[in-house]
Amino acid sequence: MKGKQNNWPFYARRVIQCISFSVFIYLLLFLDPLTERDASANIFLRMSPLSAIGAMMTVRAVIFNYWPAFLILLLTIPFGRYFCAWICPLGTTIDITDGFFSGLRRYARRSVYDGRRLKYYLLAFLLLSSLLGLQCAGWFDPLSIATSVFAISIHPYIVHMGNSFFGYFENIPFMGYFFSFFHAFFKEILFAHHAPFFRAHGILLFAFILIITFGIVVRRYWCRNLCPMGALFALFSDWSLFKRNVSSTCTSCGLCVEKCGMGAIESGGQSTKEGECILCMTCRKVCPEYSVTFRRQQPALQKYAIDLSRRAFVVSGITSAAITPFLKLNYRKKINKGNTSIIRPPGAVNETEFLARCIRCGECMKVCKTNGIHPVLLEYGIEGIWTPQLIPRIGYCDYGCVLCTRVCPSGAIKRLPLEEKRWVALGKARIDHNRCIPWVGYSRLPELEKEWQDFNCGVCEEVCPVPTKAIHFNTYVDEQGREIRRPFVREDVCVGCGFCEKVCPVLGTSAIVVEGIQPQTIVRKEKTLKMSPSGNFLPVTLGKWKRISDPKIYEGSEKLYEYINGGAEPYLSYSFLRVTNAEYGDDAGKKISIDIWEFDTAENAFGAFTKDRAGAEIKLGNRAALFENYLSVWNDVYCIKVEPRQGSISAGEVSSVGKSIIDVMPYKKEILPDIIRYLPENNLVKESLKFFHKKIILDNIYLSDNFIEENVFHLSEQTDAIIAEYKHGEEESPLLLMLVKYPDSNTASNALEDAVQVWRTWGEKETITDSIHTFQSKNACYTSFLQEKHFLAATFLSKSREEGEKLLKCVLERLQRIR
Amino acid sequence: MNSKGKISRRGFLKTGIAVGAGVYGLSYLGTIKKKPSLKQLKKHDLKQGMVVVHGNTTNTQEEVIVVKELVRRAISALGGMSKLVSHGDRVLIKPNIAWNQEPEFAANTNPYVVAALVELCRDSGARSVKVMDHTCSANPETSYNRSGIASAASQAGAKVSYVSKNRFRDFVIPDGTVLKLWSFYEEMVYKDEVDVLINVPIAKQHGTSRLSMGLKNVFGMIGGDRGSLHTDIHPKIADLNKFVKVDLTVLDAFRILKKNGPTGGRLDDVDNSPEHARRIIVSTDPVAVDAYGATLFGIQPKDVGYIRKSHEEGLGEMDYTLKGFEEFHI
Numbered sequence: 019m020k021g022k023q024n025n026w027p028f029y030a031r032r033v034i035q036c037i038s039f040s041v042f043i044y045l046l047l048f049l050d051p052l053t054e055r056d057a058s059a060n061i062f063l064r065m066s067p068l069s070a071i072g073a074m075m076t077v078r079a080v081i082f083n084y085w086p087a088f089l090i091l092l093l094t095i096p097f098g099r100y101f102c103a104w105i106c107p108l109g110t111t112i113d114i115t116d117g118f119f120s121g122l123r124r125y126a127r128r129s130v131y132d133g134r135r136l137k138y139y140l141l142a143f144l145l146l147s148s149l150l151g152l153q154c155a156g157w158f159d160p161l162s163i164a165t166s167v168f169a170i171s172i173h174p175y176i177v178h179m180g181n182s183f184f185g186y187f188e189n190i191p192f193m194g195y196f197f198s199f200f201h202a203f204f205k206e207i208l209f210a211h212h213a214p215f216f217r218a219h220g221i222l223l224f225a226f227i228l229i230i231t232f233g234i235v236v237r238r239y240w241c242r243n244l245c246p247m248g249a250l251f252a253l254f255s256d257w258s259l260f261k262r263n264v265s266s267t268c269t270s271c272g273l274c275v276e277k278c279g280m281g282a283i284e285s286g287g288q289s290t291k292e293g294e295c296i297l298c299m300t301c302r303k304v305c306p307e308y309s310v311t312f313r314r315q316q317p318a319l320q321k322y323a324i325d326l327s328r329r330a331f332v333v334s335g336i337t338s339a340a341i342t343p344f345l346k347l348n349y350r351k352k353i354n355k356g357n358t359s360i361i362r363p364p365g366a367v368n369e370t371e372f373l374a375r376c377i378r379c380g381e382c383m384k385v386c387k388t389n390g391i392h393p394v395l396l397e398y399g400i401e402g403i404w405t406p407q408l409i410p411r412i413g414y415c416d417y418g419c420v421l422c423t424r425v426c427p428s429g430a431i432k433r434l435p436l437e438e439k440r441w442v443a444l445g446k447a448r449i450d451h452n453r454c455i456p457w458v459g460y461s462r463l464p465e466l467e468k469e470w471q472d473f474n475c476g477v478c479e480e481v482c483p484v485p486t487k488a489i490h491f492n493t494y495v496d497e498q499g500r501e502i503r504r505p506f507v508r509e510d511v512c513v514g515c516g517f518c519e520k521v522c523p524v525l526g527t528s529a530i531v532v533e534g535i536q537p538q539t540i541v542r543k544e545k546t547l548k549m550s551p552s553g554n555f556l557p558v559t560l561g562k563w564k565r566i567s568d569p570k571i572y573e574g575s576e577k578l579y580e581y582i583n584g585g586a587e588p589y590l591s592y593s594f595l596r597v598t599n600a601e602y603g604d605d606a607g608k609k610i611s612i613d614i615w616e617f618d619t620a621e622n623a624f625g626a627f628t629k630d631r632a633g634a635e636i637k638l639g640n641r642a643a644l645f646e647n648y649l650s651v652w653n654d655v656y657c658i659k660v661e662p663r664q665g666s667i668s669a670g671e672v673s674s675v676g677k678s679i680i681d682v683m684p685y686k687k688e689i690l691p692d693i694i695r696y697l698p699e700n701n702l703v704k705e706s707l708k709f710f711h712k713k714i715i716l717d718n719i720y721l722s723d724n725f726i727e728e729n730v731f732h733l734s735e736q737t738d739a740i741i742a743e744y745k746h747g748e749e750e751s752p753l754l755l756m757l758v759k760y761p762d763s764n765t766a767s768n769a770l771e772d773a774v775q776v777w778r779t780w781g782e783k784e785t786i787t788d789s790i791h792t793f794q795s796k797n798a799c800y801t802s803f804l805q806e807k808h809f810l811a812a813t814f815l816s817k818s819r820e821e822g823e824k825l826l827k828c829v830l831e832r833l834q835r836i837r
Numbered sequence: 572m573n574s575k576g577k578i579s580r581r582g583f584l585k586t587g588i589a590v591g592a593g594v595y596g597l598s599y600l601g602t603i604k605k606k607p608s609l610k611q612l613k614k615h616d617l618k619q620g621m622v623v624v625h626g627n628t629t630n631t632q633e634e635v636i637v638v639k640e641l642v643r644r645a646i647s648a649l650g651g652m653s654k655l656v657s658h659g660d661r662v663l664i665k666p667n668i669a670w671n672q673e674p675e676f677a678a679n680t681n682p683y684v685v686a687a688l689v690e691l692c693r694d695s696g697a698r699s700v701k702v703m704d705h706t707c708s709a710n711p712e713t714s715y716n717r718s719g720i721a722s723a724a725s726q727a728g729a730k731v732s733y734v735s736k737n738r739f740r741d742f743v744i745p746d747g748t749v750l751k752l753w754s755f756y757e758e759m760v761y762k763d764e765v766d767v768l769i770n771v772p773i774a775k776q777h778g779t780s781r782l783s784m785g786l787k788n789v790f791g792m793i794g795g796d797r798g799s800l801h802t803d804i805h806p807k808i809a810d811l812n813k814f815v816k817v818d819l820t821v822l823d824a825f826r827i828l829k830k831n832g833p834t835g836g837r838l839d840d841v842d843n844s845p846e847h848a849r850r851i852i853v854s855t856d857p858v859a860v861d862a863y864g865a866t867l868f869g870i871q872p873k874d875v876g877y878i879r880k881s882h883e884e885g886l887g888e889m890d891y892t893l894k895g896f897e898e899f900h901i
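Just so you know, the sequences run in chain order B and U. The numbering of the first sequence is this note's numbering, which starts it at 19 and goes up by one. The numbering of the second sequence is this note's numbering, which starts it at 572 and goes up by one.
Hints in this document: simulated from the structure, not taken from any laboratory. The reader is advised that the hints may include incorrect statements.
What the hints assert, rightly or not - Derived lysine to any residue pairs resembling SDA-like cross-links, with alpha carbons at most 25 Å apart:
no. : chain 1 : residue 1 : chain 2 : residue 2
1   : B       : K637      : U       : G869
2   : U       : K730      : B       : F48
3   : B       : K796      : B       : E782
4   : U       : K730      : B       : F200
5   : B       : K629      : B       : S575
6   : U       : K894      : B       : L833
7   : U       : K606      : B       : G185
8   : U       : K606      : B       : H201
9   : U       : K730      : B       : N647
10  : U       : K873      : B       : G526
11  : B       : K205      : U       : F739
12  : U       : K830      : B       : R500
13  : B       : K205      : U       : E764
14  : U       : K873      : B       : D692
15  : U       : K736      : B       : A202
16  : U       : K873      : B       : W257
17  : U       : K751      : B       : G526
As the list claims (entries may be wrong) - In silico negatives: residues of chain U with every beta carbon more than 10 Å from chain B:
no. : residue
18  : G582
19  : V590
20  : Q611
21  : K614
22  : E633
23  : V637
Cβ atoms here follow ideal geometry from the backbone N, Cα and C, with glycine treated the same way.
Let the sequences and hints guide you as you build the complete structure.
Take a look at the structure:
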């Protein structure tokens with residue numbers, strides 16, 4: 019050949035290799051923003067035929083996500099082993115590091131094995147063990163290795179190094195601003211606002227260094243001798259259209275032999291090893307005689323066969339057959355009865371399939387926003403090495419994030435839409451009562467004298483992202499009125515995200531620990547969570563008391579009439595749901611009866627509680643009252659009544675029963691009806707407060723000497739009403755204040771008109787001042803009415819006109835202010 | 572150095588000492604930097620009292636207009652932002668961006684409230700307006716984006732930034748009763764970092780402290796092990812508030828979270844009714860703001876430990892009508 023040769027193929031290779039590597043790094047650095055936009059940032063991993071075949075053979079299913087891998091493999095038929103030199107990021111990395119080692123290589127004596135066969139045996143081993151049900155192709159897949167090395171070791175190292183470097187200089191006066199500016203820039207390009215950190219980063223780095231240090235002796239050692247993917251490509255490259263041809267002008271100068279990165283050229287440049295040429299085009303470029311061309315036909319003389327020994331194949335086959343069951347031996351599983359309590363990322367398929375599919379690429383670890391996914395070392399036996407696990411103490415699973423489910427190339431983590439992912443339970447949180455601050459404090463309660471409040475905690479409840487909270491409090495109130503709130507986990511709704519474990523302020527191991535469950539479950543999709551039926555709260559024993567009969571549940575109005583024929587109506591006016599009754603007896607023959615009334619809202623339960631509240635208020639639940647030895651308690655949507663039935667029963671006994679029931683109940687948040695805040699507090703008799711909706715409750719309250727037949731106040735389910743006593747002194751007879759909230763102001767004015775009309779018919783003396791209607795009865799009792807927007811306020815049984823009107827004015831002021 | 576690329580033992584010693592001295596000397600320079608003084612409350616001509624502005628809309632498209640108008644009217648009723656922010660001031664707005672949750676769940680401050688404040692500050696001639704929060708989510712980015720605050724505030728002209736781990740410093744709380752020392756974020760407490768600090772909480776139910784509003788929002792200005800503060804939380808909130816100098820508190824009660832707070836996530840728990848929500852509360856007194864906020868939940872201010880405590884320790888008035896109270900609808 020005469021004249022100058024155009025070297026474009028070599029430069030084209032270099033350019034494509036650079037682009038490919040840059041794209042690989044870019045996709046890795048900006049993995050999370052890209053995944054958020056749902057770009058296929060995992061494209062490189064999906065290009066790996068080795069993982070694709072390994073995973074598919076092991077699960078015995080087709081993974082469509084791997085179509086690029088087959089495209090790559092298909093292109094190997096016409097183009098040979100192009101992938102290794104043109105695209106492979108690990109190949110490029112090795113090319114770069116080999117460049118650094120070029121000086122050292124000069125002194126190195128070639129004494130390492132360089133026989134090319136190993137990779138075929140490795141491939142055979144991997145494929146055979148895949149068939150036998152153990153997928154370990156991922157450990158040797160160059161794309162997995164490159165991804166995990168860059169993501170788990172190198173990127174965090176660079177970020178931390180940069181942070182400490184800039185952190186040092188930022189503190190220096192004058193120069194500091196300059197460095198801060200660059201630090202911000204550095205963070206921006208490395209996408210490192212949140213410095214990542216991974217467990218076992220050192221082990222991975224060690225493996226990586228091992229791979230690249232062979233470069234000191236032989237270039238692309240990994241690609242020549244170890245890479246099973248290279249072997250796979252080599253097998254397919256026989257039909258390539260681009261095989262190395264050497265024309266007769268070759269002088270056997272040996273330059274190409276020296277320059278070939280793969281060491282694929284033999285006999286002074288004349289022949290090429292089969293399946294070793296990666297089409298890097300270097301030999302073509304360096305040849306001084308321009309005698310190298312690439313074409314379909316290759317003279318038989320220029321072929322140099324790799325001698326694969328049949329015996330070695332048999333050995334590798336036997337090894338894989340022998341080693342597969344060995345690798346599958348799992349001591350951890352054995353001692354944990356099959357459950358290793360590893361928390362897999364959300365959407366992980368069942369464990370056997372997961373291990374078969376997971377190609378150990380570390381992409382899910384890289385993309386995790388909270389840095390919570392880390393590689394498994396030996397917790398899952400040998401076959402589980404390098405699979406992902408969530409370590410909540412480092413990073414929890416964000417309730418609003420699905421990124422890891424999007425990046426998995428092999429479907430080990432299935433893709434989940436956010437709405438579905440929120441219901442997937444990765445595990446269940448468990449509280450260690452010996453570590454949890456309130457639990458420990460609670461158990462020490464009798465001996466606590468001061469600073470008991472230091473034992474109230476609740477960070478876990480606070481952060482629980484489940485909309486209805488999977489962590490609730492049991493509140494224990496002791497005789498001195500001190501409250502300790504002990505958290506407990508509602509396992510039915512816990513999704514095991516681990517946020518609680520992350521934030522638990524107990525030093526060292528968290529007091530609340532998530533145990534992984536496999537397979538992952540879907541938690542109950544319930545809109546509202548209610549502990550029902552309330553029979554749950556009536557256990558077989560309550561302290562010394564034993565349940566005599568099974569709890570009877572009366573649900574709905576029909577059944578309630580059955581239970582208390584006459585008195586059902588008032589309870590129904592509070593949207594009654596059900597009542598559970600059980601009798602308990604002790605060894606001494608005493609008997610008590612317990613009713614647990616359940617209403618639709620806490621407000622209504624409060625109403626029912628106020629309806630028949632009697633006696634002194636005691637500290638229990640939200641509110642409780644004890645009248646001799648009758649106890650009634652309001653707690654959330656429940657109203658509990660404990661009555662003595664037989665034998666002499668003390669007030670203390672009754673209240674301790676009440677306390678035990680409350681202890682089992684969740685939610686102790688006091689939700690008072692909203693209307694209460696309009697009541698003036700001065701002189702209010704708190705125990706007299708009654709909350710209701712319908713007229714039937716009002717009928718039992720003495721308002722006037724005349725009985726009010728009609729529903730003059732227009733009370734209905736939609737109205738919230740409250741009635742309370744006001745007293746100046748202990749002896750004085752009380753004044754009654756009623757406040758009604760109507761759905762609209764029209765109803766309110768109608769009610770006022772009708773009420774005033776009724777009082778007029780009784781012939782009481784009427785005066786109107788400041789839109790307050792006041793009536794004076796014959797026995798000098800005053801009744802006043804006032805309407806403000808959709809509220810109606812009234813005072814009854816007032817001993818003087820001013821007193822009632824003054825109170826109404828107070829109400830008016832509050833109505834105007836709070837509204 | 573004797574020959575090319577080689578270094579003698581003596582040369583190694585000399586260079587080593589020189590480099591070591593240089594590195595040490597440079598870091599020593601950092602320590603002699605003058606200790607920055609702490610931010611004080613800014614002198615202002617705003618009214619002392621409280622302004623509550625009500626406004627309702629059910630249309631989500633209109634929300635941005637209504638909310639921004641609410642904030643503008645509230646601030647102008649208090650005297651106008653120019654009474655607080657003077658020309659060239661550096662303003663830091665601290666919303667609640669704690670959780671990775673959309674605005675309609677009322678877990679984070681309404682983004683339009685933040686945006687409106689940014690605009691007002693810029694209009695008053697602020698040199699820079701920063702918006703930041705120390706989120707509860709491990710990765711602030713998700714919360715910033717999903718809450719809508721990142722985009723709304725940066726569109727309005729603010730610099731939205733994340734807290735940086737190495738800018739938390741321990742400070743002595745001079746009159747702390749329970750907490751004597753805690754770590755605060757430098758940018759929010761140093762005088763040469765910030766002139767005006769505006770706290771923009773949202774009103775929420777909270778498991779440990781009952782309610783989370785202005786005083787509790789200070790948890791987003793601190794570092795350290797925040798979980799450990801949750802034991803005996805009430806006096807600790809009061810102590811933290813003694814240290815931070817919040818010039819203005821704007822309580823977002825356009826939506827309030829009544830149950831399952833502070834994370835929320837259920838629309839049933841969010842109260843949008845004009846009776847309890849749909850309003851913006853502004854005052855320079857953080858305790859008064861929280862006291863008013865408590866009434867929205869039907870809770871007496873004195874029943875909330877940290878409000879009572881903060882009042883007792885002289886941080887503000889629990890009776891929010893005391894210094895003047897103005898309320899109107901738009």
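Each hint, compared with the structure:
{"no.": "1", "hint": "K637(B) - G869(U)", "in the structure": "holds (20 Å)"}
{"no.": "2", "hint": "K730(U) - F48(B)", "in the structure": "holds (22 Å)"}
{"no.": "3", "hint": "K796(B) - E782(B)", "in the structure": "holds (7 Å)"}
{"no.": "4", "hint": "K730(U) - F200(B)", "in the structure": "holds (18 Å)"}
{"no.": "5", "hint": "K629(B) - S575(B)", "in the structure": "holds (18 Å)"}
{"no.": "6", "hint": "K894(U) - L833(B)", "in the structure": "holds (20 Å)"}
{"no.": "7", "hint": "K606(U) - G185(B)", "in the structure": "holds (18 Å)"}
{"no.": "8", "hint": "K606(U) - H201(B)", "in the structure": "holds (23 Å)"}
{"no.": "9", "hint": "K730(U) - N647(B)", "in the structure": "violated (65 Å)"}
{"no.": "10", "hint": "K873(U) - G526(B)", "in the structure": "violated (37 Å)"}
{"no.": "11", "hint": "K205(B) - F739(U)", "in the structure": "holds (18 Å)"}
{"no.": "12", "hint": "K830(U) - R500(B)", "in the structure": "holds (24 Å)"}
{"no.": "13", "hint": "K205(B) - E764(U)", "in the structure": "holds (22 Å)"}
{"no.": "14", "hint": "K873(U) - D692(B)", "in the structure": "holds (17 Å)"}
{"no.": "15", "hint": "K736(U) - A202(B)", "in the structure": "holds (13 Å)"}
{"no.": "16", "hint": "K873(U) - W257(B)", "in the structure": "violated (85 Å)"}
{"no.": "17", "hint": "K751(U) - G526(B)", "in the structure": "holds (24 Å)"}
{"no.": "18", "hint": "G582", "in the structure": "holds (22 Å)"}
{"no.": "19", "hint": "V590", "in the structure": "holds (14 Å)"}
{"no.": "20", "hint": "Q611", "in the structure": "holds (24 Å)"}
{"no.": "21", "hint": "K614", "in the structure": "holds (29 Å)"}
{"no.": "22", "hint": "E633", "in the structure": "holds (23 Å)"}
{"no.": "23", "hint": "V637", "in the structure": "holds (19 Å)"}
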